[in-house]
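Chemist: As a plain string of letters, each chain reads:
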Amino acid sequence: MNQGGSHVCGPSPQGGTLFASNVTFAYGSGPAVVKNVSLMVPEGAAIGIVGESGSGKTTLASLLVGLLTPTTGNVAVGGQPWSKVGRGSPLRRAVQMVFQNPYAALNPHLSALRTVAEVYQCCGGFTKTEASERAQALLERVGISDQTQGKRPSGLSGGQCQRVGIARALAAGPAVIVADEPTSALDVSVQAQILNLLSDLRQEQGVGLVLVSHDLNVVSYLTERAIVMERGEVVEEGATTELLQKPTHPYTQRLIASIL
Amino acid sequence: MSTEITTADINVPGHVAVRRQIQPRRIELHVGVGLILAVVVACLVIPILDRTDPNALVALPLQPPSAEHPFGTDMVGRDVFIRVFTAGRLDIALAALGVLVPFISGTVIGTVVGASRRRLVDTVTMRLTDCVIAFPFVILVLVIVVIIGADTRIPLLPPGAASVLVAVWIVNWTTYARLARARTHVLRQEDFISAARLLGFSQARIVARHLLPSVWPTTATYAVADALVLVSLIAALPFLGAGIQPPTPEWGSIMYEGRGFLLQAWWISFTTAGVLLVLGTGVMLVVDALVSNPRRPRLP
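If you read the protein sequences in the order shown, they are chains A and B.
Residue -5 is where the first sequence starts when you use the numbering used here, and the numbers rise one by one after that.
Residue 30 is where the second sequence starts when you use the numbering used here, and the numbers rise one by one after that.
With the rest of the complex left out, here is chain A (with noise of 0.2 angstroms):
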């Protein structure tokens, strides 16, 4: 699997929906924060990617959505890498994102039904009654009832705004919906509704997922493939239950010792 410092969750490194490969990033002139990751997300696959904190994940998440680009390797989504992709391109909706606090997620001025009717208006061309009657479909199907749909983020509890902020990625129509400690700010009675619904709507409509956490059963629960970081570099990956039974590398031993 590891072939000569590229990692590659996936049957193929030629396909695939989401690609990076060799990506190395640094802030502006400090030490790299991602070294030489590549990994990539087939069609409808689940990835995870597990570190704790400062080990380089959401810098790795923002790398893949195209938010910073790579000092130096590629991402490439669709076969076409992030620079040449435009604002207006479907493309550039093909991969969304899911943010670890789902109050900054959120526009404050915008109510939920506005906030995902937005994207309907906006990327799928409808009017304003039509992107508004898609929205309320889809808040319903996440689980925000008619009645808090007109509610701003500040009248909705943080696990409302990220079922808000679950149906606004929806709503684009991504291939790949990269998802960045979902739950991590969330009460753990809401973290495990959560993950259901990102359960749910993963098998319901296909699309891919990258979990980036720093927990191990979480990632378990949601994806197969998986790959450990560790100050900005993998240093394991493969199947999650395998990760999770028989870690090979100390790191990630230490990481499944820490949550048991």
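These are computed hints drawn from the structure, not numbers from a lab.
In this text the structure is predicted, and so the values were computed from the model without any measurement.
The C-beta atom is built at its ideal place from N, Cα and C for all residues, glycine as well.
Only some residues are given here: those of chain B computed to face chain A with a beta carbon under 7 angstroms:
hint, residue
1, F221
2, S223
3, P242
Chain B residues, not near chain A, derived (Cβ > 10 angstroms throughout):
hint, residue
4, L64
5, A163
6, I176
7, T247
8, F299
Please arrange chain B on chain A, whose structure you already have, making use of the hints.
Modeler: Relative to chain A, chain B alone:
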């Protein structure tokens, strides 16, 4: 994979509870609106109800407040009460116009520049603002008076008001632009702006729908202070031969005229300052209430 996960299955160490929303500061808002309305309505209604010419000599000079002249008379025998509320119309109009145009233009320019990822746009605009800010304001006003002429008039405003307003418009947008740009730089890092970028929204939409609603409360707070400073500036300019000329009643000039009689006729300056204080307090309370109403609960 089909098994439903339960709360007990997930162990997330150090999870944080969400602090609930803080209630809006409604009392400040209501009191502030009440004070502003009181002054504005008084300025609109009193000159209509009492048709006395604000420049007419109605009594002996330096008469203390009485039932007939609630704010007394000034050094030449004019009714201070009618002068103060007639002046209020002009001062409030000038402060509003003098603040509104730079507030809107500066906020939009600063937000657009702050949101732009082209370094050249940012550098050129910011150096331009530096140049405008560095130029002495009073000299700039005098230059503008010469250029556009003291007789140039804006409908409903007295002679001299146009030059003051144009000068204020030319200079003051820069401060708003700088504030808006700084706020936008902070907001640009927020997840909801990242989400908008990932969704492929146009730059215009991101600026108009996602950035401006969060930027303008910052510049609006400054606008309040700016409006109060502007009233002082309007009062100071006549002494340099620019701006609104006496005998047009205007708060700054009334207070300035009264400064020589503070011991004998305190009411000339103090009643005017009192009205200005009520208006300023009202505006401050309103902005304070609006700005301190958090729309987003914060994670501890």
